[in-house]
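Here the protein sequences line up with chains A and B, keeping their order. For the first sequence, full-length UniProt numbering begins at 1 and goes up steadily by one. For the second sequence, full-length UniProt numbering begins at 1 and goes up steadily by one.
The hints are simulated quantities; they were obtained by calculation from the structure and are not laboratory data. Worth double-checking, as some hints may not be accurate.
Said to hold, decoys possible - Derived contacts from chain A toward chain B, CB cut-off under 10 Å, selection only:
no., residue
1, V75
2, E133
3, I135
4, A143
5, G181
6, L240
7, R412
8, T414
9, K416
These numbers come from a predicted model, not from an experiment. In this text, a Cβ means the ideal position worked out from N, Cα and C, and glycines have one as well.
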Amino acid sequence: MSGTSGTYLGMPAFPAAARDAVRNETLRGNLRHATHTIRDKRAKAVAELDDWARLRAAGRDVKERTLRHLDHYLVQLEESVTAAGGTVHWAADAGEANRIVTGLVKRTGRSEVVKVKSMATQEIGLNEALEAEGIRAYETDLAELIVQLGDDRPSHILVPAIHRNRGEIRDIFRAEMGSWGRAAPAGLSDDPAELAEAARVHLREKFLRAEVGISGANFMVAETGTLVVVESEGNGRMCLTLPETLISVVGIEKVVPTWRDLEVFLQTLPRSSTAERMNPYTSMWTGTTDSDGPRAFHLVLLDNGRTDTLADEVGRQALRCIRCSACLNVCPVYERAGGHAYGSVYPGPIGAILSPQLRGIASEVDASLPYASSLCGACYDVCPVAIDIPEVLVHLRERVVEGGEVTRNGERVTIKPAKGHRGERAVMRAARWALDHPGALRAGQRLASRTRRIHPKRLPGPGRAWSDTRALPEVPAESFRHWWQRTRGGAR
Amino acid sequence: MSSGRERVLARVRRALADVPRDERPQDVRVERGYLRVHGDRTTARTVDLLAENLADYRALVHRVDAAELPQLLKRLLAAHGSRSVLVPPGLPPGWLAAADPVLALVPDREADTAYALDAVDSVVTGCAVAIAETGTIVLDGGPDQGRRRITLVPDHHLCVVRVPDQVVGSVPQALERLAPGRPQTWISGPSATSDIELNRVEGVHGPRTLEVILVDGRTEGQG
Ligand code: SF4
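Given the sequences, and given the hints that come with them, work out the whole structure.
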């Protein structure tokens, strides 16, 4: 069981959590505003590049090559990082990763660390593990700070406090900053610039005295040993360059083969995530550099369910994800249910296919996640590495309903059909039928359009509770891809 | 530690049982049909685009001939109210010649603490390369750029780009010019956050003011 984080245990299954969220008007209002704003901006940023479809295909190919030869690239990465003065550690699960990091921090003799937002460390519950050893971890990303001070959980990959409005943020800052360090200034208003200034002042004292920094990474280059962190605020640069010791905890799927491969992702990631041509800051480092930045660099390579995911030939593609969050922002289910309903650090469409694979479908929440979708296909259309999320969803639904062989903690096991799901087998078979008819594929139609006729008015199984409160969005008759081929793509 | 290593690698290999044993990484096709650069531009137009995109992300952009650089730097530092400025070891000495008598020049020293850097008002650097399509300047720790922290802690960064030599059109062209082994910072506008109701707020932890000076290296001038 060490493969799972305790953070989200005891979460209600998706439908129950989503029902509560859908009834929360503030949350829904915040989410709708946020997702629509980012969605529209992203479309503009993407439209600036007339080779977007080819960049997307290249991103998919690079990740596919990496995953099919992951052992080769991990060993190469280890050699490069070691040659550049870094130390590489391997962690099969969350418990191992937490033990390694805690041990490294203890050896520095320090009792506090500064952290830059990292989904991998949230996934393994690192902050809690450090806390248990008397080490305080300070989150430094503004949104993470809001979440940490509010004793809350993140609800969006990129904008984790997307569910909080400015009034709530001001109240949290006023009430909580003092007990974590420098208090919020008297008379703090809810003006975003003032709130950002309060965060700057509050965190600066922590950065300046920091001796240990903890990060994740967006990419690791096997051929050179270079790690890449993409960010906006500068807290990443602070954590990566000011401390004496830097510890990066990174999922094994984040490796890319060559330096040149970055040319694809440094174009697609910023435009897909923050809808910018380029994000304000990108840091790249290779091991350690004499008299510039940390003297000690430790890379902890994290498995924690990733190899189990890799073992599934259909589900494997989820490991291509570069965590841009574009799929969240276009998802009609996410927009209404919010990130918390997914019961995992990975919300939205990507969470619906990643969490059940990383953690297995033993728990009710994980078994219900593949149903947290209307299969409309919008997530696939925007995904910069072309993950066919609907395909994986249908595959996982089948696994939930029919049971079968899966890999858990590196072992092949057979799981039984989930009891409450028997009634959905008919729907499953219909979806399978659509997938098994390549004629439909040749017509260039998306799964959603293919299954349009069998598209339920209400989501089956646990999804029903959610769809009872909402009319399901109409599936567009023409998919984005089809439209693309007909319009822009057809010009070539 | 090595047990974790063997365990993870063994799991990876087992998970990839479907991959044919004689398949090599390069056998997996990567279709690089994307563009090396977007659009056909003259050199002058590429520099203009850099200026436009930098300004679009709220960097303050200035364009001067090499001969005017010292006076401009002096003026910009004074306008910002700076009394001290960090200087990388290899910054061309002429650049701050005009500002020198008025300002305290603080050398980039390893021994200085982050607190000491926090007390300095501004920093002046060169850059390794600048990318027109994205409005990005890249620092790689070269002698005219110094340690990464000196462009991070002070609140005001003045970055000099020699045009057109240091300007490339695109991200792929920039990566070709850069050495992966050097620590790099890619900067596109001042630090920013959109975490509060998605309102963009400039200046969280990095310098709140970024000024980029495009210096025409060919002093004869050109069209
Ligand atoms: S699945 Fe695709 S769209 Fe969603 S976060 Fe990952 S890379 Fe982005």
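Cross-check of the supplied hints:
1. The closest approach between the C-beta of V75 of chain A and any C-beta of chain B is roughly 7 Å, which is under the 10 Å cut-off, so the hint is satisfied.
2. Contact between E133 of chain A and chain B, as hinted, is not supported at the beta carbon level, the nearest pair being about 19 Å apart and thus beyond 10 Å.
3. About 20 Å separates the beta-carbon of I135 of chain A from the nearest beta-carbon of chain B, more than 10 Å, and the hint is not met.
4. With its C-beta approaching chain B no nearer than about 4 Å, A143 of chain A sits inside the 10 Å limit, and its interface hint holds.
5. For G181 of chain A, the interface hint is violated, the least distance from its beta-carbon to any beta-carbon of chain B being 15 Å, above 10 Å.
6. This hint holds: L240 of chain A has a C-beta 8 Å from the nearest C-beta of chain B, less than the 10 Å allowed.
7. The beta carbon of R412 of chain A comes within 9 Å of a beta carbon in chain B, closer than 10 Å, and the hint placing it at the interface holds.
8. Residue-level restraint check for T414 of chain A is violated (minimum Cβ-Cβ distance to chain B is 16 Å; threshold 10 Å).
9. Contact between K416 of chain A and chain B, as hinted, is not supported at the beta carbon level, the nearest pair being about 23 Å apart and thus beyond 10 Å.
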